[in-house]
Every structure is written in structure tokens, then in C-alpha cells.
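Trainee: Model the full assembly from the supplied sequences, consistent with the hints where possible.
The listed protein sequences derive, respectively, from chains A and B. Those letters in the first sequence? Residues 1 to 276, per our numbering, in order. Those letters in the second sequence? Residues 1 to 258, per our numbering, in order.
If you're looking for bench data, these hints aren't it; they were derived computationally from the structure. Backbone N, C-alpha and C define an ideal beta-carbon position, used for all residues, glycine too. Treat the hints loosely; a few may be bogus.
Stated by the list, open to error - Just so you have them, the derived chain A footprint on chain B, three or more residues with Cβ under 8 Å:
(1) 38-44
(2) 74-85
(3) 165-179
(4) 223-237
(5) 248-255
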Amino acid sequence: MAVNGALAFDGVAFSYGNVAALRDVSFEVAAGERVALLGRNGAGKSSVVRLVTGVLHPDEGTVWVGDWDTAGRAPEELAWRVGSVFQHADQQLFARTLREDVSFGPRALGFPAPEVRRRTDEALDALDLHAHAAQHPYDLSPALRKLAALAGALALEPTVLVLDEPTAGLDRAGRGRVADAVREHADRGAALLVVTHDLAFAAETLQRGIVLDRGRLACDEPLDRLLTSAERLKPLGLVPPPVAALSVALDLPGRPVRERDAADTLARVAGGRSRS
Amino acid sequence: MRILALEEVTFWYPATATPALESVSLEVGSGEVVALVGRGGAGASTLLLIAAGLAPRVTGGRLAGSVTRGARAGIVLPTPWTQLSGMAFTVWDEVAFGPANLGWPEHEITRHVDRALERLEITPLASRDPVTLSGGELQRVIVAGILAMDPDLVLLDEPTAELDPEGARAVWRLVRSLAGEGKAVILATSDVDALPGVADRIIWLDQGSVRALGEPSLLAEDAMCEAGLGTTVAGLWRAAGLGAPYPLTVVDAAQRWR
Ligand SMILES: Nc1ncnc2c1ncn2[C@@H]1O[C@H](COP(=O)(O)OP(=O)(O)OP(=O)(O)O)[C@@H](O)[C@H]1O
Ligand SMILES: [Mg+2]
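Mentor: Right, here's the structure in full:
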């Protein structure tokens with residue numbers, strides 16, 4: 001297969017013993033693209049993340065990270081290109097301070113101290129974590145630990161960023177911080193693949209939706225179209241998020257799925273009504 | 001029937017000067033669903049730990065005021081993967097771990113475990129090893145394990161964080177049916193859009209204190225929207241410059257729009 005994308009799955013299958021997790025999965029993510037990976041509990045999303053990071057390798061097919069076939073490559077090597085946050089990010093933190101934890105990746109890659117410092121500072125900045133930099137990760141709330149793990153992934157300045165449930169348990173402000181940080185990172189050219197059940201976050205932040213259904217790719221299309229189609233979402237275990245549901249219920253022109261767009265459209269239509 | 005009463009409760013975590021919770025009073029009765037909302041760190045998780053009897057007993061720290069619990073409590077933590085017993089090699093045994101510790105007769109254990117598995121839609125996972133489950137499968141197992149103990153006070157901290165949207169809806173329906181059976185439920189969630197159909201009462205916590213409390217319509221009030229804690233629909237209405245009162249849900253909005 002010609003490799004154009006920053007990340008590509010080509011006919012990938014994977015089983016855990018006798019539990020088949022993924023079957024014949026193919027997709028590509030281009031540099032700078034922001035993609036949501038959706039689907040029911042147990043659909044195979046985290047397995048995709050583990051295959052991208054090299055924690056697992058496919059039974060069949062190929063996972064490409066740029067022009068690297070992940071076969072035979074360990075996570076430490078793939079860390080030159082892939083940054084990740086696992087679903088239970090708690091288990092990703094082990095240093096004595098948050099700052100040390102965030103700097104672990106660039107240090108492990110062997111960058112000189114000034115470069116490690118620059119990357120660490122930028123990542124802490126991106127998630128507004130400086131105030132907590134000296135704290136022990138385990139003295140932080142689960143929400144802050146999640147942000148810390150994301151900062152650690154950003155500090156690798158990866159060309160592929162894969163995040164597994166980065167907003168689970170975060171409040172609105174926390175979700176906003178994650179959205180800004182990952183959008184900025186994608187704008188600098190990284191391919192972004194985000195596993196999430198938070199469809200409101202997906203609608204605000206991401207562009208394209210890939211849905212897995214029992215290990216198979218069930219759909220791959222622009223999110224705004226997918227999220228406004230309750231009939232299409234239902235068999236996949238998904239439900240339109242509030243903004244999309246409102247757009248449909250009020251029949252708003254253009255069916256906006258992002259809050260800002262929906263508020264603008266709502267204001268415009270209401271204004272037109274009151275004039276007529 | 002009163003299940004839990006907090007009177008003027010203030011709580012400090014070990015080695016901290018600022019209390020995580022300050023002068024909180026709260027009564028919860030049988031059949032009631034109370035939802036705690038607030039920014040991260042506002043005190044919702046702490047309140048649940050106190051209600052469960054885990055703070056200060058397990059967390060350490062100091063509590064002032066009084067806590068009266070008239071019934072057995074069960075809590076689902078925001079990090080459910082830390083709640084695995086580590087003693088069970090199948091999902092069934094994991095869910096049975098709590099009930100077995102209560103010393104129930106075999107048939108009672110079986111009845112409660114089977115029912116809990118059904119309610120969380122995980123019966124097909126019964127013979128799987130819990131450590132091999134996906135995130136959402138595991139969260140369901142932990143919730144099932146708590147329900148299988150049949151607590152009268154059910155405490156849920158972000159119980160849908162890792163559930164798929166359909167599964168989250170099912171858990172919110174389940175919360176309503178637990179209240180219907182006479183249990184008291186206190187929950188914390190960042191999914192405020194789910195609350196209008198679920199909670200009887202909303203408690204808005206802000207920096208450890210109760211800022212406001214009332215019916216779910218509170219979630220459409222200006223101050224809550226301003227703080228980013230209102231429902232999405234209310235927030236949109238407000239952002240569009242349409243006048244208050246804001247609709248609470250999509251259904252409310254559609255009625256108003258006609
Ligand atoms: N180590 C393992 N051993 C056996 N089966 C596993 C293992 N890890 C995952 N599975 C199974 O593989 C399937 C896919 O799991 P995966 O973790 O990829 O799902 P997911 O889409 O991330 O789900 P969730 O939304 O609940 O996190 C599930 O049926 C799961 O039970
Ligand atoms: Mg997962």
C-alpha cells in the first residue's frame with residue numbers, strides 16, 4: 001500500500017487469545033487531520049491505540065506510522081513519532097513530581113537538557129499545569145492526572161497523537177483545555193486520533209468520525225453529518241450530542257454541531273423571525 | 001425515611017490548611033436522587049467519600065460537624081479500575097466478592113449477582129477474567145459489584161465516564177429505578193445534560209461550599225450557565241442572546257421554538 005497518511009491501518013486483524021478484537025480494519029489519517037474513533041464498549045478502540053503505540057502488533061495486515069511498518073518495532077522506538085494517553089492514564093505516571101513525569105519522554109529520547117526543558121515548559125503551558133508542576137502525581141485529582149499524562153504525550157512533539165478517552169471525568173473547563181491543546185498540536189501538523197465516548201467534545205474539536213462495531217469498521221465520514229443522524233447512530237450504540245440534537249429538533253439551517261455555530265445560527269434565525 | 005444527614009460538615013485532607021468541604025449540611029431520604037455539580041475540585045468527590053464513611057477513616061484528614069448514616073452505603077469511585085478486588089478470576093466472582101463478604105447465604109448471593117450482571121448488560125462477560133476487560137466493560141463490572149451488595153445508599157462518582165452513550169443512558173435509567181425501589185442515590189457527574197431526567201435535587205458545590213441547591217431547573221439559570229455548569233441547551237440559548245428563562249433540554253427548546 002502507498003503510504004500517504006501519517007497513520008494508516010491496512011487490513012488489520014487482532015485477537016487476544018480467542019477474543020477477536022479487530023477484523024479487517026483499514027483507514028488513514030493525514031498530517032494535521034483530527035479524527036474521532038468511536039464505538040460501543042468493547043468495540044476495539046483501545047486495541048487500535050495499543051497497535052499504534054506498538055504495545056501490540058497485528059495478527060494480520062499492517063499498521064503504518066508514516067513510512068514505518070510497526071511490525072518488529074517496540075514502543076520505545078515508536079515514541080519518536082507517536083505520543084499517546086492510555087484510557088487509565090493514572091497508570092502512566094510514576095515520577096515524583098508532575099514536571100518530572102512530563103519531561104520523562106523527551107529525556108528518554110535522549111534530548112539535551114535545554115531541549116527537554118523547553119518541551120516540558122511548552123507542554124505544561126498548553127494544559128495550564130504550571131501551578132501543579134511540583135506536586136506528586138498521586139496528590140492530584142484523577143482529572144489533573146489525566147491532563148498530566150496528556151502533557152507528557154505533547155512533550156514528545158509526536159507526528160501522531162493517539163488519545164484514549166482524554167476527557168473522561170473532566171469538567172467543562174478541563175475539556176476546553178484539552179480541546180485547545182490538541183487542536184493547536186494538530187495545527188502544527190500532527191495527525192490526531194482520539195478515542196472518545198464524549199460526542200460533544202468530538203463535535204467541538206474533531207473533524208472526521210471512524211466508528212468500530214464489534215471490531216469492524218462500520219463507518220468513516222465527516223462528524224457533523226454523522227452526529228446529526230440519529231438513525232445511523234443508534235445501531236452503533238451512539239446518541240446525538242445535545243447541540244446536534246437541538247439542530248435537528250429546531251431544524252436549524254446547516255445543522256450545526258458546534259456550540260458557537262449553533263448559537264450564531266439560533267440568533268440569526270430568531271432575529272429573522274422577530275422581524276417578520 | 002432519612003438515610004443520610006450531614007450537619008455543618010467541614011473536612012480537611014491531611015497536611016492541608018484549606019478545607020476541601022466547608023459547612024455543608026445535607027439530608028437525603030429514601031427514594032431520592034441528589035446530584036452534585038461543580039467544577040473539578042469543588043468538593044463533590046470528597047462529599048461522596050464522607051457519605052461512604054471512607055473520609056476521614058481511609059483517606060486520613062480531619063472532619064468537623066456530624067455525619068449520620070442510617071443505612072449501608074456502596075460507592076463507585078471515579079477510578080473504578082482501582083476498585084477491583086484482585087481476588088477474583090472471573091467477572092461473576094468479582095461481582096460476588098462484596099455480597100460474599102456480607103455473609104449472605106449462597107442462593108441470595110447468586111440472585112443478587114445475576115440480577116446485577118443483567119442490569120449492567122454484562123451477563124455474557126460472566127466467565128471472563130476481569131483484568132482483561134475493556135475500560136467500559138470494567139466500569140460496568142464495578143457498578144454491578146456495588147449494586148449486588150444491595151446498599152440502601154448508592155454513591156456514584158462519574159459512573160458513566162467510560163460508558164458508551166447508550167450504556168450511559170441505561171445507567172441513568174437504572175439510577176431512576178434504584179430510587180423507585182426506595183434507595184437513596186447521591187451522584188457526581190460532569191454530564192449535566194443527563195441530569196434533568198435523573199435528579200430530584202441539584203446541589204451546586206463551589207470551592208467546598210454549597211453555592212445553590214434546588215430542582216434541576218437550576219441548571220438553566222444564568223449563574224450556573226455563566227459558571228459553565230448549566231445544560232448545553234440553556235448555555236446555547238444564552239449565548240445566542242435569547243432571553244431568560246432558558247430552556248433546560250432539547251425538548252423544552254423545541255416546545256418554545258414552535
Ligand atoms: N487483554 C485482553 N484479553 C482478552 N480480551 C481482551 C483483552 N483486552 C481487551 N479484550 C477484549 O477485546 C475487545 C476490545 O477491547 P478494547 O479494549 O479494544 O475495547 P474498547 O472499544 O476500547 O472499549 P471501551 O469503550 O469499553 O474502552 C473487548 O471485547 C475486550 O473485552
Ligand atoms: Mg477502551
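Trainee: Please go over all the hints and tell whether each is borne out by the structure.
Mentor: Hints, one by one, checked against the model:
no., hint, in the structure
1, 38-44, "holds (count 4)"
2, 74-85, "holds (count 4)"
3, 165-179, "holds (count 5)"
4, 223-237, "holds (count 8)"
5, 248-255, "holds (count 4)"
Violation of the numbered hints given earlier is absent; every hint is satisfied by the structure.
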